[in-house]
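Novice: Below, each chain spelled out in residue letters.
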Amino acid sequence: MKPDLLKGHLDLLLLAVLAEAPAHGYLVIDRLRQASGGTFDLPEGTVYPALHRLERAGLLDSSWDEASARRRRVYDLTARGRAALAERRAEWRGFAAAVGRVAGVGLA
Amino acid sequence: MPDGVDRYLDQVAALLRVHPRRRGRVLDELAAHLYESAEVHGEDEALRRIGDPAAVARAFAPRRRDRLWEERDRLAAASMLLAMLLSLPMAADLVALNDRVGHSIRWPALALAPSALVAVASCVLVLARRPLGARLALPLAVLVGSTAVATLLGAGPTGDLLNGYQQGIRHGYETAGCSGRTLAACASDHTGEVRLNFSLGALALALGYLAAVTGWVPRRPRGRRAHVA
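From first to last, the protein sequence lines stand for chains E and P.
So that you can map any letter, position 26 of the first sequence is 26 in this note's numbering, and since no number is skipped, the others follow by simple counting.
So that you can map any letter, position 161 of the second sequence is 1161 in this note's numbering, and since no number is skipped, the others follow by simple counting.
Just chain E, same shape as in the assembly:
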């Protein structure tokens, strides 16, 4: 999938991936790729600025994980992040249903 197609939806995808469990950047990218069956294979460097932006917006919290052999920054959803995820999921359902109706594509 072209990275441009993902641009407007990256926040929703990152929040959804982190809603499963806290994760560091590499793991977030890996989960994103796995969950999409390899469809979301975006330039990995673009995920970190998005994580930082979501943290600045108060939707994520992060701290260094010093427990493992390699020091990593671990991200977790905040309460505001969970609320934002619920809101964006609802928006996405409405949007996808509307596009499907117009384009004549049924959603499974």
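Treat the hints with caution; some may be incorrect.
Stated by the list, open to error - Just so you have them, the derived chain E footprint on chain P, three or more residues with Cβ under 8 Å:
1) 1015–1028
2) 1031–1041
3) 1059–1073
No lab work stands behind these hints, which were simulated from the structure alone.
None of the values given here were measured: they were computed from a predicted structure.
In this text, a Cβ means the ideal position worked out from N, Cα and C, and glycines have one as well.
Model the placement of chain P on the given structure of chain E, informed by the hints.
Specialist: Positioned in the frame of chain E, the structure of chain P alone reads:
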């Protein structure tokens, strides 16, 4: 660290336009990512996957509303230099009055020179985005802090300088703002104001500068974190 990863991080670092405190975090995160990715996919593939360093650095650039906050270290450095420049006329007044009453300013000038030199060096280096600039901020705060305390107590080289200033006004060499008061009272009032303004102003400026260049912000309370899956 593999050479390619090292070069990649250098390229990102050269193009990153964020606060030095955040810069370290960004580079640490990218380094950890590249290490892990290189172990799994090999260095070339890891570098291909992470994307063009210029694009990655650009993506970290703050939005317009956050730009002032990200550049607060350089704003503080510019403000510090401006404050030093604006204080020059007052310093010239102090020197002139000390000179007229026959007070030597050699000792006070020598004692204050390190603070001024460290301040200028730190500001110039911060403006040039050199890490040494931020490292000089703590010694600067200590120098300014001790000078401010000595000034408030009327001791040390600045105490000498202010004594000369007070004598100059008392002898009538400077009478601006003294109307309706005896020269002795005016000298005492002026000197007291200068002492307080210089000490507290310099201390506030140095501490504000220290916070801005080191990226210090009040700590937020954190909740307990679940384990990484």
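Novice: Are there hints from earlier that the structure breaks, and if so, what are their numbers?
Specialist: none
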